[in-house]
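Undergrad: Letter by letter, the chains look like this.
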Amino acid sequence: MRLSLALTLVAVSLATAQAASSEPPAGAAACTGCHPANTGVETPVPRLAGRNAADIVAAMQAFRSGQTPATVMDRIAKGFTAEEIQAIAAWYAAQR
Amino acid sequence: MAVHRSRREFLKTAAKGGCAALLPAPLLAQGAAPRVVVVGGGFAGASIARALRRADPRIAVTLVEANRTFIACPFSNGVIAGMREIAAQQFGYDRLAADGITLAFTTATAVDPQARVVTLAVGTRLDYDRLVLAPGIDIRWDALPGYNEAAAEQMPHAWKAGAQTLALRRQLEAMEDGGTVVIAAPANPFRCPPGPYERASLIAYYLKTRKPRSKLIILDAKDAFSKQRLFLNAWNELYPGILEWVSQSKGGEVTEVDPATKTFVTDFGKHQASVGNVIPPQKAGRIAELAGVADRTGWCPIDPVTFESKLVPNIHVLGDAAIAGAMPKSAFAANAQAKVCATALVRLLRGEAPPTPKLINTCYSLVAPDYGISVAGVYHPANGQLMDIAGAGGVSVIDAPRSTRSREASLADGWFHTITSEVFG
Numbered sequence: 133m134r135l136s137l138a139l140t141l142v143a144v145s146l147a148t149a150q151a152a153s154s155e156p157p158a159g160a161a162a163c164t165g166c167h168p169a170n171t172g173v174e175t176p177v178p179r180l181a182g183r184n185a186a187d188i189v190a191a192m193q194a195f196r197s198g199q200t201p202a203t204v205m206d207r208i209a210k211g212f213t214a215e216e217i218q219a220i221a222a223w224y225a226a227q228r
Numbered sequence: 011m012a013v014h015r016s017r018r019e020f021l022k023t024a025a026k027g028g029c030a031a032l033l034p035a036p037l038l039a040q041g042a043a044p045r046v047v048v049v050g051g052g053f054a055g056a057s058i059a060r061a062l063r064r065a066d067p068r069i070a071v072t073l074v075e076a077n078r079t080f081i082a083c084p085f086s087n088g089v090i091a092g093m094r095e096i097a098a099q100q101f102g103y104d105r106l107a108a109d110g111i112t113l114a115f116t117t118a119t120a121v122d123p124q125a126r127v128v129t130l131a132v133g134t135r136l137d138y139d140r141l142v143l144a145p146g147i148d149i150r151w152d153a154l155p156g157y158n159e160a161a162a163e164q165m166p167h168a169w170k171a172g173a174q175t176l177a178l179r180r181q182l183e184a185m186e187d188g189g190t191v192v193i194a195a196p197a198n199p200f201r202c203p204p205g206p207y208e209r210a211s212l213i214a215y216y217l218k219t220r221k222p223r224s225k226l227i228i229l230d231a232k233d234a235f236s237k238q239r240l241f242l243n244a245w246n247e248l249y250p251g252i253l254e255w256v257s258q259s260k261g262g263e264v265t266e267v268d269p270a271t272k273t274f275v276t277d278f279g280k281h282q283a284s285v286g287n288v289i290p291p292q293k294a295g296r297i298a299e300l301a302g303v304a305d306r307t308g309w310c311p312i313d314p315v316t317f318e319s320k321l322v323p324n325i326h327v328l329g330d331a332a333i334a335g336a337m338p339k340s341a342f343a344a345n346a347q348a349k350v351c352a353t354a355l356v357r358l359l360r361g362e363a364p365p366t367p368k369l370i371n372t373c374y375s376l377v378a379p380d381y382g383i384s385v386a387g388v389y390h391p392a393n394g395q396l397m398d399i400a401g402a403g404g405v406s407v408i409d410a411p412r413s414t415r416s417r418e419a420s421l422a423d424g425w426f427h428t429i430t431s432e433v434f435g
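Protein sequences appear in the order of chains X and Y.
FYI, the numbering for the first sequence is 133 to 228, going by this note's numbering.
FYI, the numbering for the second sequence is 11 to 435, going by this note's numbering.
Just chain X, with the same shape it has in the complex:
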């Protein structure tokens, strides 16, 4: 019951974020300092635009918990709440 409510809330928040203007949610704009906005950039860091939102959320949660080893993303992920991560993920999922 609690889980399904949580999932519904996530879905609603994703829909809200996607329906909003293209203004990036708090924190999102900074990501493209390392995650290239453009295609074809020579870097080992993946692009975020157009990726599945749930995948981005899962990756961030794993970085935050230390489950996924990282050089720098563990330090950055700890600066964001679950809600912020969801909003950022939804926004990138809607980008191309």
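Hints listed in this document are in silico derivations from the structure and should not be mistaken for laboratory results.
Take these hints with a grain of salt, some might be off.
Footprint (simulated), chain X over chain Y, 3 or more residues, beta carbon under 8 Å [claimed, not checked]:
1. 51 to 60
2. 336 to 346
3. 358 to 368
4. 391 to 402
5. 422 to 429
Partner residues are not named here, just some residues of chain X that face chain Y (Cβ under 7 Å, in silico) [unchecked claim]:
6. E155
7. A158
8. T164
9. G165
10. C166
11. P168
12. N170
13. P176
14. V177
15. A181
16. R183
17. D206
18. G211
Quantities reported herein were computed from a predicted structural model and do not represent experimental measurements.
Glycine included, C-beta positions come from ideal geometry on N, C-alpha and C.
Mind docking chain Y on chain X? Use the hints.
TA: Chain Y in isolation, oriented as in the chain X frame:
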């Protein structure tokens, strides 16, 4: 989650603060084409010019920049140490022009905040609704006895990339094996806090591999510096007997230089250099002072939500020139601030309250070509300034294996390609 405050709430806050931050008439909603002038085409200025055009192409953006070619400071220590060429640091503004940004390749000489007019060296007067100053740094030529613009020919600062970068490189190339390189590092704050130590590292790498009887001494006006333990550990491992760091309390603070003999004077004695690199005290670029947005420190206090000057309304200050609280003076920070400020400006031009931002910084330093270390931070507005989010950020793991250092070196390289692609590509 709801990151933007209501207009009423914002007005209440603004009124309580007693500042003149009342929301302006919604220019965008009226269908007018709001005019934003950006002074300075570096990582901050070029970023916001493009971000504004992308967010709302109705905004007329003029970018005022003295040089037709931008020469990036990040990675320029590699040029000094002979690991890369200056061409890899150079970027043009063609793609900004293609975005519909008006480019004015000249300097801004005056700002009239009442009339909201910027005057250019060529005599043109540009009206603005919002002005963004991203002038980077100027050297404080009056701060270190003996060090002036003429002295910088003998003892390059190389803290603005370009001719100075190449001058320092040529001096290192011309130095005989067995020489002593001396770097004077300034007190805080200054552009690129880990920069002097990355530079020392890469020069030490050059000496170790090319002129192994030589030495490098850092004379520091501080007792602590960015990524200190990581640098010190790496120097012990990579450059024992080559690189020596002298802290302020051990006599590192340089009080005077003599360019004719390349002598550094401290309270504890004199150091004569074969190659001398003075990283001098700095301040915000000159236009900040002319516009009245710099305070007595020489830097510019700003609102942490909008980056609007705390001293002059309708002028926003970004990048190295700004007092950005916990955020360092880095290219990453400048780019992140620019994108936040663009969002705030679009809202303000619509007559809406700006959203509460969150910012990130990540700075890589190379200790050797395949040895990278980093510092990161996440920031939010609190107590009127940009503060660290507790529990986030920090430096690379102290006892990480060499494979991690090598990975961070390749991430550093990727970062440079990524950010320059976003800003200039």
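Undergrad: All hints, please: hold or fail.
TA: We went through each hint and held it up to the structure:
1. For the stretch 51 to 60 of chain Y, the proposed coverage by chain X is not satisfied: 0 residues have a C-beta within less than 8 Å of a C-beta in that chain, short of the threshold of three.
2. As drawn, the stretch 336 to 346 of chain Y meets chain X at 3 residues by the rule of a beta-carbon pair under 8 Å; at three or more, the given contact holds.
3. Coverage of a stretch by a chain is defined here by at least three residues with a beta carbon nearer than 8 Å to that chain's beta carbons; for the stretch 358 to 368 of chain Y and chain X the count is 4, and the condition holds.
4. Three residues within the 8 Å Cβ limit are the bar, and the stretch 391 to 402 of chain Y against chain X gives 3, so the coverage statement holds.
5. A count of 6 residues in the stretch 422 to 429 of chain Y with a Cβ less than 8 Å from any Cβ of chain X is obtained; the coverage claim is therefore met, three being the minimum.
6. With 7 Å as the threshold, the beta carbon of X/E155 comes within range of chain Y, its nearest partner Cβ sitting at about 6 Å, so the hint holds.
7. Below 7 Å, beta-carbon pairs count as interface contacts, and X/A158 has one with chain Y at about 4 Å; its hint therefore holds.
8. A distance limit of 7 Å between C-beta atoms decides the matter here; for X/T164 the minimum to chain Y is near 6 Å, and the interface restraint holds.
9. Hint on X/G165 holds. Least Cβ distance to chain Y is approximately 5 Å, under the 7 Å limit.
10. Because the smallest distance between the Cβ of X/C166 and any Cβ of chain Y comes to about 5 Å, under 7 Å, the interface hint for this residue holds.
11. Of the supplied interface hints, the one on X/P168 holds, with its beta-carbon coming within about 5 Å of a beta-carbon of chain Y, less than 7 Å.
12. Using the Cβ-Cβ criterion of 7 Å, the hint placing X/N170 at the interface with chain Y is satisfied: the shortest such distance is roughly 5 Å.
13. Taking 7 Å as the C-beta cut-off, the interface hint given for X/P176 holds, the closest approach to chain Y being about 5 Å.
14. Residue-level restraint check for X/V177 holds (minimum Cβ-Cβ distance to chain Y is 5 Å; threshold 7 Å).
15. Of the supplied interface hints, the one on X/A181 is violated, with its beta-carbon coming no nearer than about 12 Å to a beta-carbon of chain Y, more than 7 Å.
16. Interface restraint check: X/R183 against chain Y, minimum CB-CB distance 16 Å, threshold 7 Å, status violated.
17. Against a cut-off of 7 Å between C-beta atoms, the interface hint on X/D206 is violated, since the closest Cβ of chain Y lies about 9 Å away.
18. Given the 7 Å rule on beta carbons, the hint for X/G211 holds: about 3 Å separates it from the nearest Cβ of chain Y.
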